[in-house]
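Protein chains in written order, with my numbering: chain A, 2 to 471; chain B, 2 to 471.
Simulated from the structure, these hints should not be mistaken for lab results.
Take the hints with a grain of salt, since some may be wrong.
Given that identical chains are not distinguished, each listed pair holds provided it fits within a single copy or across any two copies.
Calculated pairs, PhoX-like style, for lysine-lysine (alpha carbon to alpha carbon, straight line, at most 25 angstroms) [what the hints assert, rightly or not]:
1. K353 - K273
2. K269 - K83
3. K221 - K24
4. K24 - K83
5. K234 - K347
6. K23 - K347
7. K242 - K24
Number of protein chains: 2
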Amino acid sequence: MNNFSATYTDQYQLAMAQVYFKKGHKDHQAIFDYYFRELPYNGGYAVFSGLEYLLEILSNIRFTDTDLEFLKSQAFEDDFLKYLKDFKFRGSVYSSQEGDIIFPTRPVLQVEANIIEAQIIETILLNLLNFQTLIATKASRIREVAGHASLLDFGLRRAQATGGYFATRAAIVGGFDGTSNVLAGKEFGIPVSGTMAHSYVQSYDDELEAFRDFAAGRPKDCVLLVDTYNTLKSGVPNAIKVAKEMEERGERLLAIRLDSGDLSYFSKQSRKLLDEAGLDYVKIAASNQLDEYVIKSLLEQQSPIDIFGVGTNLVTGDPDGALDGVYKLAYSNGKPRIKISESIVKITLPHKKQVFRIKDDNGKCIGADAIALSNQERVMQMFHPFEPYKSMELSKFHQEPLLQKVMENGEMLINKRSLQDISAYSRERLSELPLEYKRFNNPHIYKIGISGALRDEREKLITTYKEKLK
Amino acid sequence: MNNFSATYTDQYQLAMAQVYFKKGHKDHQAIFDYYFRELPYNGGYAVFSGLEYLLEILSNIRFTDTDLEFLKSQAFEDDFLKYLKDFKFRGSVYSSQEGDIIFPTRPVLQVEANIIEAQIIETILLNLLNFQTLIATKASRIREVAGHASLLDFGLRRAQATGGYFATRAAIVGGFDGTSNVLAGKEFGIPVSGTMAHSYVQSYDDELEAFRDFAAGRPKDCVLLVDTYNTLKSGVPNAIKVAKEMEERGERLLAIRLDSGDLSYFSKQSRKLLDEAGLDYVKIAASNQLDEYVIKSLLEQQSPIDIFGVGTNLVTGDPDGALDGVYKLAYSNGKPRIKISESIVKITLPHKKQVFRIKDDNGKCIGADAIALSNQERVMQMFHPFEPYKSMELSKFHQEPLLQKVMENGEMLINKRSLQDISAYSRERLSELPLEYKRFNNPHIYKIGISGALRDEREKLITTYKEKLK
């Protein structure tokens, strides 16, 4: 699934590219910043996801002959189509690592390439990074509240068509343990698991017989769904009978699953029945419209739930439909570039840049990233990007440069990690962030500043354009 | 993109299928209902989408050799894997037509197949129909308020990864005219269009020169983005200069695009400037966080906008992340089946069924669909599905059967229509629905009832299971 057509783009990228081509701008070098403006979920951080997948796509993306035929039918010109026939992304990418925690305004990634290549890849870059970062962030929030419980992605049926495949990938980056999605499991090496559906139990005349057959068929990972008819009067007692029969065969029932009703009440009652039957090893799985708030509440009520299956709210990123990531020109043809706007927060930052994470002597984040020009090695003082009188002294802190060159001439420079490794890295980075940035209600605001040199460069450009308009 | 692996499913489908296989249930015939419980957007109707695409998938879906190897590594057994090697969907599908308006509780589609096939396709069926129905419904709401304006899908960059491709398909079903998504345009025969990005204008030292080059490159569909620096002082005056130069060459500027600021104010001011310059034929396109409410308000303010580009809120279905469509067993192995629940609205409807749309003598919907047993030709009286004392006389009305056989033995029985034809059908069906069901605030509730015969069958099953639990 990593063989994408370069037509996975917006038409205007190609329209602009053709103009660049015809006007002889095709070798103009450009730098674009990828960043977002608002944290999802009113949260305190986001988890960057999609990078390693994107880099694979970028190293493979091409126009096929049928793509070019289609573009010809769309009035693109022959000399330009001939150029596209040899299209390949040959640029460089500077980026935060996948799994790192990221914050608004600061470049998360920079693309440096000729302007045609940089423009054609914009759409797929935004498409893959925005969505996976949204879902990894959601998953990370759920992981934060779930303690030692297992977290499984059950979302494919409510996912946005094939977007579900990417949702699963991002869920693992954010801290989930496994998925029900067989294809994603196969492609990404993710542990795949599942239980049974109500339809399975319904298809039998008798719940006990249904459970028995299932245990016989899956003795090593048997999970019985206990709420088809009546959880405490029928489902759990039948599961206990089957668990006892399994014991006689030297097997162990892995878990029961609750999928309706008050999960706190039913998990406690079920735990009691299981324990009374000597089945303290049988786990309890729960599903049904879960999200970080419900799971937090269930665990605060000391609900004995060991496994959470999370579906719709995970894979759709509900209640936020999208991360508002953008891709803005910062430099082209030897000159810094800027977009002016009536609203100062929409004015872009010119030039190639570096971003520093500010840390104390113990390696803990102090809650600030500083954006600098790429040739700055440290930032002594950072300024609020939009409020000129706010600044912060940084000279006494450690400064970790965040943007690393991860692609050069269209070739990946980093080794691909497993999703589990990316996830472990993400958890480690998150552990450097103080708790006040992780709470759900009014989290502390992580500071993003710009260096004096960058601020001055931006001011110069704004002044130039204001002069022009007079 | 219609070659899906049968591993595009939840693991439990395969776990259950293996049990059915081993227990000799593999030829048990089953009937599943696809339906949803709540209308999205607190709206009065939904638009069914995804069917024709799904049927193509179902007629092609297989397990590849690498799929089977993967399943072997997941502890599936050899004899079952051998069976899966020849897997093909050989069932029948009875369905409402794609594009029809649909309502909660009533089956939108029924699958009749052996229980293994019916179970394995559940996930992809839900995945494709839930999402496309959600987005077609959103698109239809936007179409309802947009009058004669053109509606373009600009959402790919904020879409849920490759889900964006399906969002575009569904947007056309719901009433959109075109898309920026080149791949979707190519695959589905959708008109593709686009304008230019701010980065294009920024990449020039001079906005006027940027506009000139673009007009030279795309003389037939030139749209100029006028808000990079200053809409009224720079963008529109430069666009007017270029439009005049185009006139001298016998060309016409198609449109200008506004992407920020107060779209009502700027569209009126821009219209005035264009008209004063004799450019009354130049259209105005607008984009930036649009949805049905914003477009309705813009048009109520008489904003002279001819083209709306809708992105994030269309393709993500915001504010609703998903349609809650489910797939429930109604019949298997010669017996009607039911799922009991503490909550009556979650009790399923047994048996193979038909659904009738109730209409008056003029072919207008009276606002009711009646669910019957499949052998009933008419419904004389329908009952509220969950409130036993509510009923409605139907004998004097026309009754249109909604579920048609669209697939038999895994082969499509209907001719594939273009998306534009599906869309036209959808608009026609929507025109049969009175306005009170289409308003945004507290729309009138469309009635769904069940026939007396179906109600009695359900009661019988509930009684049987309650007896068992005593």
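So, going through the hints one by one against the coordinates:
no.: 1; hint: K353 - K273; verdict: neither (62 angstroms within a copy, 40 angstroms between copies)
no.: 2; hint: K269 - K83; verdict: neither (68 angstroms within a copy, 42 angstroms between copies)
no.: 3; hint: K221 - K24; verdict: between (66 angstroms within a copy, 18 angstroms between copies)
no.: 4; hint: K24 - K83; verdict: within (16 angstroms within a copy, 60 angstroms between copies)
no.: 5; hint: K234 - K347; verdict: between (60 angstroms within a copy, 19 angstroms between copies)
no.: 6; hint: K23 - K347; verdict: neither (31 angstroms within a copy, 62 angstroms between copies)
no.: 7; hint: K242 - K24; verdict: between (78 angstroms within a copy, 20 angstroms between copies)
Comparing the model with each numbered hint stated earlier shows that hints 1, 2, 6 do not hold.
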